[in-house]
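A.B. asks: Could you build all of it, start to finish, from the sequences and the hints given here?
Its first residue numbered 1, the first sequence is counted upward by one per residue in the UniProt record's numbering.
In case anyone wonders, no lab produced these hints; they're calculated from the structure.
The C-beta atom is built at its ideal place from N, Cα and C for all residues, glycine as well.
Mixed in with the good hints there might be a few duds.
To be verified - Taking CB as the label site, the calculated pair distances span:
id	residue 1	residue 2	range
1	HIS412	LYS194	19 to 29 Å
2	LYS194	ASP570	13 to 23 Å
3	LYS112	GLY754	36 to 46 Å
4	PRO468	ASN748	30 to 40 Å
5	THR378	LYS112	34 to 44 Å
6	LYS337	LYS641	45 to 55 Å
7	GLN235	SER470	44 to 54 Å
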Amino acid sequence: MEQLGELELLMEKSFGEEAALPAELFQKKVVSSFPKTVLTGGMDNRYLVLAVDIVQNEEGNHEKHLIITAHQSLEYKDRCILRNDWCSVPVEPGDIIHLEGDCTAGTWIIDKHFGYLILYPDMLISGTSIASSIRCMRRAVLSETFRGSDPATRQMLIGTVLHEVFQKAISNSFAPEKLQELAFQTIQEIKHLKEMYRLNLNQDEIKQEVEEYLPSFSKWAGDFMHKNTLTDFPQMQLSLPSNDGKNNSTCNIEVVNSVDIEESIWSPRFGLKGKIDVTVGVKIHRGCKTKYKIMPLELKTGKESNSIEHRSQVVLYTLLSQERRADPEAGWLLYLKTGQMYPVPANHLDKRELLKLRNQMAFFLFHRISKSASGQKTQLASLPQIIEEEKTCKYCSQMGNCALYSRAVEQHTDDSSVPIIMLPKIKEETQHLKLSHLEYFRLWCLMLTLESQSKDNRKNHQNIWLMPASKMEESGNCIGNLIRTKHVKTVGDGQYLHNFLRKNGTIPVTNLMAGDRIILSGEERPLFALSRGYVKEINMTTVTCLLDRNLSILPESTLLRLDQEEKNCDIDTPLGNLSKLMENTDVSKKLRDLIIDFREPQFISYLSSVLPHDAKDTVACILKGLNKPQRQAMKKVLLSKDYTLIVGMPGTGKTTTICTLLPAPEQVEKGGVSNITEAKLLVFLTSIFIKAGSNPSDIGIIAPYRQQLKIINDLLAHSSIGMVEVNTVDKYQGRDKSIILVSFVRSNKDGTLGELLKDWRRLNVAITRAKHKLILLGCVPSLNCYPPLEKLFYHLNSEKLISFLFCNMKVFVTYWEIFQEDKALFSLPFHTRAVSPLASACGLYFVCYKSSAWLDCEDNFYLKGTK
DNA sequence: GCTCTGCCAAGAGGA
Numbered sequence: 001m002e003q004l005g006e007l008e009l010l011m012e013k014s015f016g017e018e019a020a021l022p023a024e025l026f027q028k029k030v031v032s033s034f035p036k037t038v039l040t041g042g043m044d045n046r047y048l049v050l051a052v053d054i055v056q057n058e059e060g061n062h063e064k065h066l067i068i069t070a071h072q073s074l075e076y077k078d079r080c081i082l083r084n085d086w087c088s089v090p091v092e093p094g095d096i097i098h099l100e101g102d103c104t105a106g107t108w109i110i111d112k113h114f115g116y117l118i119l120y121p122d123m124l125i126s127g128t129s130i131a132s133s134i135r136c137m138r139r140a141v142l143s144e145t146f147r148g149s150d151p152a153t154r155q156m157l158i159g160t161v162l163h164e165v166f167q168k169a170i171s172n173s174f175a176p177e178k179l180q181e182l183a184f185q186t187i188q189e190i191k192h193l194k195e196m197y198r199l200n201l202n203q204d205e206i207k208q209e210v211e212e213y214l215p216s217f218s219k220w221a222g223d224f225m226h227k228n229t230l231t232d233f234p235q236m237q238l239s240l241p242s243n244d245g246k247n248n249s250t251c252n253i254e255v256v257n258s259v260d261i262e263e264s265i266w267s268p269r270f271g272l273k274g275k276i277d278v279t280v281g282v283k284i285h286r287g288c289k290t291k292y293k294i295m296p297l298e299l300k301t302g303k304e305s306n307s308i309e310h311r312s313q314v315v316l317y318t319l320l321s322q323e324r325r326a327d328p329e330a331g332w333l334l335y336l337k338t339g340q341m342y343p344v345p346a347n348h349l350d351k352r353e354l355l356k357l358r359n360q361m362a363f364f365l366f367h368r369i370s371k372s373a374s375g376q377k378t379q380l381a382s383l384p385q386i387i388e389e390e391k392t393c394k395y396c397s398q399m400g401n402c403a404l405y406s407r408a409v410e411q412h413t414d415d416s417s418v419p420i421i422m423l424p425k426i427k428e429e430t431q432h433l434k435l436s437h438l439e440y441f442r443l444w445c446l447m448l449t450l451e452s453q454s455k456d457n458r459k460n461h462q463n464i465w466l467m468p469a470s471k472m473e474e475s476g477n478c479i480g481n482l483i484r485t486k487h488v489k490t491v492g493d494g495q496y497l498h499n500f501l502r503k504n505g506t507i508p509v510t511n512l513m514a515g516d517r518i519i520l521s522g523e524e525r526p527l528f529a530l531s532r533g534y535v536k537e538i539n540m541t542t543v544t545c546l547l548d549r550n551l552s553i554l555p556e557s558t559l560l561r562l563d564q565e566e567k568n569c570d571i572d573t574p575l576g577n578l579s580k581l582m583e584n585t586d587v588s589k590k591l592r593d594l595i596i597d598f599r600e601p602q603f604i605s606y607l608s609s610v611l612p613h614d615a616k617d618t619v620a621c622i623l624k625g626l627n628k629p630q631r632q633a634m635k636k637v638l639l640s641k642d643y644t645l646i647v648g649m650p651g652t653g654k655t656t657t658i659c660t661l662l663p664a665p666e667q668v669e670k671g672g673v674s675n676i677t678e679a680k681l682l683v684f685l686t687s688i689f690i691k692a693g694s695n696p697s698d699i700g701i702i703a704p705y706r707q708q709l710k711i712i713n714d715l716l717a718h719s720s721i722g723m724v725e726v727n728t729v730d731k732y733q734g735r736d737k738s739i740i741l742v743s744f745v746r747s748n749k750d751g752t753l754g755e756l757l758k759d760w761r762r763l764n765v766a767i768t769r770a771k772h773k774l775i776l777l778g779c780v781p782s783l784n785c786y787p788p789l790e791k792l793f794y795h796l797n798s799e800k801l802i803s804f805l806f807c808n809m810k811v812f813v814t815y816w817e818i819f820q821e822d823k824a825l826f827s828l829p830f831h832t833r834a835v836s837p838l839a840s841a842c843g844l845y846f847v848c849y850k851s852s853a854w855l856d857c858e859d860n861f862y863l864k865g866t867k
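C.D. replies: Below is the structure:
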């Protein structure tokens, strides 16, 4: 919030003052709003706007004059003059922009004929999003906010299937039998079958509808591919800027090959991203001349509209293509229903207007929060104006959110003007909501938006294009200098196993571990985000990854980098849920009642009335394994009509084991805290369990610190021990293993424990993941500084469960057996995991966990998943 | 103070 305050302070200043603002203040703003941006000139320029002035030129027209700098020191200033419609770009002092065009004598001129300005170029907006903003900017912004409001439909499924069939055919064959086979095979894919089930459609009707398209596929291929004479190819009117002067726009079009399928491109130059259905090699025969171009081909399965939205999408893809190769100057729009293909030239005017829309959208997405006019209240900003087109609104899937936002947010705080004809519609859409509901929506929408904007939650992959791999490697979240080795193995649909080798020597110190999500890019500029996936295996020299695309089309010499996918703040799901909670349905109404208006949950009186007769034995069997308080709570859950809050903590059982050794001081280094002695002991104990006949997959190793996990992993790799899972406490949440070994790591003289271990919830998770045996390893004097652990030791000590391994550096080792004794450790009321499967089997709405007070913590309520 | 949580994604078509 401090940063936001700073920003607003700047925004409130007038232009004159802006220019005079001290450089440090600007630098502060840039650091807080654009933490990763490095100002730079040249092709990938990033300018900081220092001042904005509106002036009248000699012809009496308005121009926007910007004072800009591409230097971190802010010392060297350039100018940018925005003419014609560019004057309307909502650019403000402190903004980051990218400029395309020419800079002469320190001045950029962007006008209707030449040049582009890209606002917040590192914010990548998808082609479809921008295309949809043509009709209604508000809807485009709402769709980016409330994702998942678009219900899936039969047509969408058909569309997805047909895209896939065409894409397979173009690199295979369009022969009718082959098409049949590809269609059949595609329909059988699990993801499509699931979707059919969801939409309540049967396979046969989908198959039939898909098959209706296939003759058009063949017709298209017959027209555009594999002919003997050039003149057999369809004639089209297509003039490209590069053959200017020549009036001959007539040409024959030959589609030679498919260069790529679903090519995913990020363009930090134009601030765009997108996926190109098919990237095709095309020969354009004009007179006796032939030009070969690699161009985007966009497939459409719906009505042959050749609409401005469809064409715009293609124009945007020509911009994306420039990130990888020469400007295609045009693209193709193919309607699969008829096989009709339209050329879409990308002229300056279209590109200019689309980029202006992109800028507008970027502005709205960037400015989600505002300050109230009266003072210091942080509130949600207004969205783009509601349009006055009842026809467009009639079928809009964002109608509900649009009206809700207008009523709950805009009409509450702002003097925003709603078109009069839209007022009744807004009222109608929101009349089922009480004031308390609107308030709830406003509050949570604000909270979630703020959360997503907080510094460490901001989702951006900017490092990939703003920072070279060699520099990123220092953080441990990136590995560069990799080349692809061996063959790419296709594991499944959209899953390709790749092997990478560090080109020179060994892989540097890294945080990357098996299971981490990564983004694969080329080291060279144009190859950002070629593919996404997971690390499968990593050692000193090689990395194995499961990727979503097959990269064997790249030359083997291509230098690649892996970037750990930054955590993404998923506010999409809660925002989607919030939107759903406000829907005019019975289910949502009931939930509003319980959640917003706090209606007390209801319970029925007798279990026999709810339990199906044949479920009795099963339930009895499950209950038998629980202790008394667990059984009582379980009963309450079963009687629940609405929801049940379960207050609980896990644990029971005991036994002892003894070892001798872990002095075991911790090491603090760049990668984090670790404890080699504990690690060795732990690996030793693991080997004992395996020798004793335990299955490695039944053993889990937990440590709170990543560095410790790394050391344990290294030790395991050098031993003969197989696939033992090693992970952080948090990754084990909600799961368990037969045998769990925990390494507490911390051991020092001054009693520093760090905040991490002090989180009692984490401690709780760590000691409750074991089904049969739990071994805790740690330094008693160090850990004793913390009351909850002290309590634990007190108990363990009284039960003689602690083995002191060395006289002055005491280490405890213990395990106990869970579920074998009725007696609960610490008199814990519950074992939550025992409850949840049963609860969900009973179809409860909520399963709620209240954190227990056993460690003198404050009362926290956790609302867990809805069903 | 060194950890994690919600996570695949841009588009599938409608009018």
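A.B. asks: All hints are to be evaluated individually against the structure, with a verdict given for each.
C.D. replies: We went through each hint and held it up to the structure:
no.	hint	result
1	HIS412 to LYS194: 19 to 29 Å	violated, 41 Å
2	LYS194 to ASP570: 13 to 23 Å	holds, 22 Å
3	LYS112 to GLY754: 36 to 46 Å	violated, 59 Å
4	PRO468 to ASN748: 30 to 40 Å	holds, 37 Å
5	THR378 to LYS112: 34 to 44 Å	holds, 39 Å
6	LYS337 to LYS641: 45 to 55 Å	holds, 50 Å
7	GLN235 to SER470: 44 to 54 Å	holds, 52 Å
Violated hints, listed in ascending order, are 1, 3; each of the other numbered hints is respected by the structure.
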